[in-house]
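Construct all of the structure, not just a fragment, from the sequences and the given hints.
One point on numbering: in the UniProt record's numbering, the residue at position 176 of the sequence shown is 176, and numbering is uninterrupted.
Simulated from the structure, these hints should not be mistaken for laboratory data.
All of these numbers come straight from a predicted model, not from anything done at the bench.
Glycine included, each C-beta is placed from N, C-alpha and C at the ideal position.
You can take every hint at face value.
Here are the simulated lysine-lysine pairs, DSS-like style, with alpha carbons at most 30 Å apart:
#, residue 1, residue 2
1, Lys173, Lys195
2, Lys123, Lys178
3, Lys176, Lys123
4, Lys195, Lys178
5, Lys176, Lys195
6, Lys123, Lys173
Pairwise CB distance ranges, derived in the manner of DEER restraints:
#, residue 1, residue 2, range
7, Leu214, Asp20, 18 to 24 Å
8, Ser110, Phe74, 29 to 35 Å
9, Gly213, Glu13, 17 to 23 Å
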Amino acid sequence: MGVSSFANYSVEEIRAAGLDIRPIQHTMQVYTMQDRAHQERIIRRAEAAGCVAIFLTADSPILGVRYSEHRNDFRAPEGLDFPMLEKTSEMIRAERHEDGFTGVNSSSHSWAREIPWLRSVTKMQIWIKGVLTAEDVELAIQHGCEGVVVSNHGGRQLDGTPATIDVLPECVKAAKGKIRVHIDGGVRNGTDIFKALALGAECCWIGRPIIWGLAVSPAV
1 MGVSSFANYS
11 VEEIRAAGLD
21 IRPIQHTMQV
31 YTMQDRAHQE
41 RIIRRAEAAG
51 CVAIFLTADS
61 PILGVRYSEH
71 RNDFRAPEGL
81 DFPMLEKTSE
91 MIRAERHEDG
101 FTGVNSSSHS
111 WAREIPWLRS
121 VTKMQIWIKG
131 VLTAEDVELA
141 IQHGCEGVVV
151 SNHGGRQLDG
161 TPATIDVLPE
171 CVKAAKGKIR
181 VHIDGGVRNG
191 TDIFKALALG
201 AECCWIGRPI
211 IWGLAVSPAV
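What follows is the structure in structure tokens.
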């Protein structure tokens with residue numbers, strides 16, 4: 001299970017929920033942040049809480065123009081807490097140009113800088129989320145990452161990205177068994193999972209179906 005840096009509950013609360021029912025492995029999804037000390041606090045909290053890996057999201061150096069959210073006039077409701085960011089929805093909104101992302105994340109990414117820095121602050125596995133090419137899989141191997149997530153951010157971040165299932169074979173081929181390959185994006189039923197596994201993915205991640213289920217019946 002992945003925990004977002006923008007979650008409305010802390011990683012400690014999420015880790016604690018359900019562990020009495022069955023053991024769950026959690027990963028911490030992070031961005032490259034403007035405030036390195038803040039990013040380090042998030043990572044150290046995740047490790048202390050028992051997360052097994054960091055998923056560094058590489059496909060969102062800036063927030064994409066999300067037309068569906070503009071059409072829906074989506075705004076984060078007031079009164080929400082973002083405990084991992086140590087902020088409220090009002091604080092984030094005040095920092096944003098439009099809808100809240102810009103004041104937190106850094107648009108400067110570098111293989112040579114990010115991976116060594118992450119290694120210096122955590123012993124957790126380091127994965128790169130947002131990979132769509134064989135070249136980036138090879139770079140992840142060169143920089144000692146444990147895994148990649150073939151992801152296009154649900155099609156919400158950039159215009160014209162390929163479907164993840166279409167680029168999965170080249171990414172698996174480039175991995176050569178040296179690095180683990182997961183996939184997300186458009187997984188809606190069991191046959192989607194079978195197709196991804198048949199093409200070489202080790203695991204599928206899902207997001208929207210969980211949200212839809214919670215919207216229908218939060219208690220389920």
